[in-house]
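Chains A and B, in that order, give the protein sequences. Residue numbers for the first sequence follow our numbering, beginning at 11 and rising by one. Residue numbers for the second sequence follow our numbering, beginning at 955 and rising by one.
Read the hints as simulated data drawn from the structure, not as lab findings. Treat the numbers as computed from the prediction; the structure is a model and nothing was measured. Warning: the hint list may mix true and false statements.
[Claimed, not checked] Straight-line Cα separation of at most 30 angstroms, DSSO-like style, residue types lysine-lysine; simulated pairs:
(1) 483/A to 154/A
(2) 1201/B to 374/A
(3) 374/A to 1146/B
(4) 1199/B to 358/A
(5) 294/A to 984/B
(6) 296/A to 1228/B
(7) 958/B to 225/A
(8) 345/A to 207/A
(9) 294/A to 1239/B
(10) 294/A to 1240/B
(11) 1199/B to 432/A
(12) 225/A to 358/A
(13) 962/B to 234/A
(14) 225/A to 443/A
(15) 358/A to 1201/B
(16) 984/B to 446/A
(17) 1199/B to 430/A
(18) 430/A to 1026/B
(19) 962/B to 225/A
(20) 296/A to 984/B
(21) 234/A to 207/A
(22) 1116/B to 294/A
(23) 1030/B to 225/A
(24) 234/A to 984/B
(25) 962/B to 159/A
(26) 1201/B to 446/A
(27) 1091/B to 962/B
(28) 294/A to 971/B
(29) 234/A to 1239/B
(30) 234/A to 971/B
(31) 1237/B to 358/A
(32) 75/A to 118/A
(33) 1026/B to 358/A
(34) 218/A to 1228/B
(35) 1026/B to 294/A
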Amino acid sequence: MTGKAKTRVEMPEQPEYIRRNNFEEVALGYTEELALMEAERCIQCRRPKCVEGCPVSVDIPGFIKLITEKKWTESLEKIYETNFLPAICGRVCPQETQCEELCILNRKENAIAIGRLERYVADRYYESPESLNEKGRLLSKREKPTGKKIAVVGSGPAGLTAAATLSRMGHSVVIYESLHKPGGVLTYGIPSFRLPKEIIKREVDEIKYMGVEIKLNYVIGRIKTLEELSESYDAVFIGSGAGLPNFMGIEGESLNGVYSANEFLTRVNLMQAWDEEYDTIIRKGKNVVVVGGGNVAMDAARSALRLGADNVTVVYRRSDTELPARREEIEHAKKEGVQFRFLTNPTKIIGDYGDEKVRKYDVKSIECIEMELGEEDSSGRRRPIPIPGTEFEIEADVVIIAIGTSPNPLIFNETPDLEKTKWGTVVVNDDLKCTKENVFAGGDIVTGAATVISAMGAGKKAAESIDEYLKNK
Amino acid sequence: MSYKIVEKEEVATDTFKMVFEAPDIAAAAKAGQFLIVRIDERGERIPLTIADFSSDENTVTTVIQALGKSTKKLTKMNVGESISDIAGPLGTPADVKQLGTVVLVGGGVGIAPIYPQISAYKNAGNRVVSIIGARNKDLLFWEERVKDASDEYFVATDDGSKGHHGFVTEVLKNILDEEKEKIENKTLENPKIKRVVVIGPPILMKVATQMMNEYPDVEIIVSMNTMMVDGTGMCGGCRLIVDGKVKFSCVDGPEFDGRLVDFNTVMNRLTIYKREEIERAEKYKKECEGGVCSTLD
Chain A
11 MTGKAKTRVE MPEQPEYIRR NNFEEVALGY TEELALMEAE RCIQCRRPKC VEGCPVSVDI
71 PGFIKLITEK KWTESLEKIY ETNFLPAICG RVCPQETQCE ELCILNRKEN AIAIGRLERY
131 VADRYYESPE SLNEKGRLLS KREKPTGKKI AVVGSGPAGL TAAATLSRMG HSVVIYESLH
191 KPGGVLTYGI PSFRLPKEII KREVDEIKYM GVEIKLNYVI GRIKTLEELS ESYDAVFIGS
251 GAGLPNFMGI EGESLNGVYS ANEFLTRVNL MQAWDEEYDT IIRKGKNVVV VGGGNVAMDA
311 ARSALRLGAD NVTVVYRRSD TELPARREEI EHAKKEGVQF RFLTNPTKII GDYGDEKVRK
371 YDVKSIECIE MELGEEDSSG RRRPIPIPGT EFEIEADVVI IAIGTSPNPL IFNETPDLEK
431 TKWGTVVVND DLKCTKENVF AGGDIVTGAA TVISAMGAGK KAAESIDEYL KNK
Chain B
955 MSYKIVEKEE VATDTFKMVF EAPDIAAAAK AGQFLIVRID ERGERIPLTI ADFSSDENTV
1015 TTVIQALGKS TKKLTKMNVG ESISDIAGPL GTPADVKQLG TVVLVGGGVG IAPIYPQISA
1075 YKNAGNRVVS IIGARNKDLL FWEERVKDAS DEYFVATDDG SKGHHGFVTE VLKNILDEEK
1135 EKIENKTLEN PKIKRVVVIG PPILMKVATQ MMNEYPDVEI IVSMNTMMVD GTGMCGGCRL
1195 IVDGKVKFSC VDGPEFDGRL VDFNTVMNRL TIYKREEIER AEKYKKECEG GVCSTLD
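Okay, chain A solo, but in the shape it has when bound (with noise of 0.2 angstroms):
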């Protein structure tokens, strides 16, 4: 028997010392003994208001009753009634500003460990032998066959999640995903320190395993176009994701040794440089400075830690409150040894013009200014001033900006009426459905970049929304 915390139970980690080192996963998730310890806080609330919080509505307390009674198979097929990505969501999701916030816990001690429960309950199952044979896998349930076809356009989370929910409503779905590895953000953006490559592959064999086809490689708007795709399926789902890297247009960019985030994450993640073994190669800075404060430049900070920098600053031009990244993510980056330069702005990259015969115009330092926080802005945050005559140098031989990206393009190629705004996004309607017929969109390809969870909560209502206009059809 197990007794019931006082407080939120702590979830092992790597020591500091040692992760900042290797690639291997940080948090090393709860024991039987400390989730059943955790599961038994929660005091399952009539009405919860956690759920609510969570953009896919999953049914928290029912899962975290399923844990206390040890059933732990139940207890995952609760979550997939909502969620296909529960090991994913378990790590990535922030769920401190979402369903842990709301956790009536919080007033007097702290929520529930909500998002660590949910990657226990499906860690297990994954580690487990049933989970491997053909008939015990919990996705294949699925409703009798409904006869249309439905192109889902990327496999990252939208894409997955939308694909999943389509096919267990009995649409035959297929994936085309530009990529050599399924996944997209999750496989060439976020770490495997932060979430294992084995656990994406595990939860897209599941969803794999439901029926869902994936076709790798395939460009959609170069291979084929979107016109095409809605004329041979019965509907279509955009999920394409963020697209090119934002500069910020200072001299000096194009130096070598600038990177932006999503090359030197992609080189790191899907091409996996960091390891000898294989063939792609990625510049390992002594000193690297990171631009930006969210969690795409917190990733990379820490990768660049674990590539043998000596020293990695973080610039951001907002204080430590304004920080978008999650606070873990930040906490955790401190902890490591990634300094903060807060206030701070870049204004040029200075080159080392030496040295001609191998290695011309490299990063030498970047010049910033500081900054102070001036009146509310559109955002509702202060805006960020600068201080005149405050420039100074901090030496860098790796550069990398992380300062957000815009919509890639190539989904409009010869698709004249799928509309888009001015920022580039696809325009949808609030059943995420676009301009041109049979086709819905969600995820970053229509908020700008944003959150894992978010994407999914789209690719969800996606799907409700297209099993509706099939219905009506």
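Assemble the complex: chain A is given as a structure, and chain B must be docked to it using the hints.
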């Protein structure tokens, strides 16, 4: 997934024509586009320009110079073997239309991507003059193919071992000067040459573009093979400065108006991994001496 090698031929020293079976790509490919291939699970993503394609045969053709580790490894593979990935066709197709006379210039391995443009421009109703060149005759390839497809054909080698002794740009200059002269002495009323397309090493494209300053009425198009990872508009590694703005070769290009391209930045960015590439290629060569190592490790 896997893509089978159906044909392989050493067309010039260390330069291989490789034909892959890829029906969907073959059906969609157009002149001016490229592919990204990956040999195996540990392989890097290698951008290669499309040198030919056939939707009847379900194939795409590339010409690969065995320079780095990955290209050496790829060109060691044989007919019947397969590579794990090909993504494509990538990049915006060449802007082929009816213009009049078009001069197509291919330098070194740039001869390969110039080839599909010849028939594309011909089919669009143009008169096509082709100039191909290399450092010496052993590095030349597809002379007959290019000659047969073109209305007029020239060849140049740096060492004079074949054709004009000198650079392709010199041949180009002669052709343009000849037309200029005809207009000046009124034997020709209107200029016929409307566009020059140059594909080859960046230095060649830079020199050709500079030379074109003397012929401001003729367009100059270049194809920028910058460094790339995904090639689909995501990583931003292929960025270059065009007309003072950041552009991405994989979605905005690879073809650009040469006069707007900042070539120095491009040439510098191509050197970023030079040291590592040389080291890895040498290590690979050493490990594979005597044919000990398999391509399918």
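Hints and how they fare:
no. : hint            : result
1   : 483/A to 154/A  : 19 angstroms, holds
2   : 1201/B to 374/A : 24 angstroms, holds
3   : 374/A to 1146/B : 50 angstroms, violated
4   : 1199/B to 358/A : 16 angstroms, holds
5   : 294/A to 984/B  : 38 angstroms, violated
6   : 296/A to 1228/B : 19 angstroms, holds
7   : 958/B to 225/A  : 17 angstroms, holds
8   : 345/A to 207/A  : 24 angstroms, holds
9   : 294/A to 1239/B : 24 angstroms, holds
10  : 294/A to 1240/B : 25 angstroms, holds
11  : 1199/B to 432/A : 18 angstroms, holds
12  : 225/A to 358/A  : 43 angstroms, violated
13  : 962/B to 234/A  : 28 angstroms, holds
14  : 225/A to 443/A  : 24 angstroms, holds
15  : 358/A to 1201/B : 19 angstroms, holds
16  : 984/B to 446/A  : 26 angstroms, holds
17  : 1199/B to 430/A : 22 angstroms, holds
18  : 430/A to 1026/B : 44 angstroms, violated
19  : 962/B to 225/A  : 27 angstroms, holds
20  : 296/A to 984/B  : 43 angstroms, violated
21  : 234/A to 207/A  : 29 angstroms, holds
22  : 1116/B to 294/A : 45 angstroms, violated
23  : 1030/B to 225/A : 28 angstroms, holds
24  : 234/A to 984/B  : 13 angstroms, holds
25  : 962/B to 159/A  : 39 angstroms, violated
26  : 1201/B to 446/A : 28 angstroms, holds
27  : 1091/B to 962/B : 20 angstroms, holds
28  : 294/A to 971/B  : 35 angstroms, violated
29  : 234/A to 1239/B : 40 angstroms, violated
30  : 234/A to 971/B  : 26 angstroms, holds
31  : 1237/B to 358/A : 38 angstroms, violated
32  : 75/A to 118/A   : 21 angstroms, holds
33  : 1026/B to 358/A : 39 angstroms, violated
34  : 218/A to 1228/B : 41 angstroms, violated
35  : 1026/B to 294/A : 25 angstroms, holds
In summary, the structure is inconsistent with hints 3, 5, 12, 18, 20, 22, 25, 28, 29, 31, 33 and 34 from the numbered list given earlier, while agreeing with the others.
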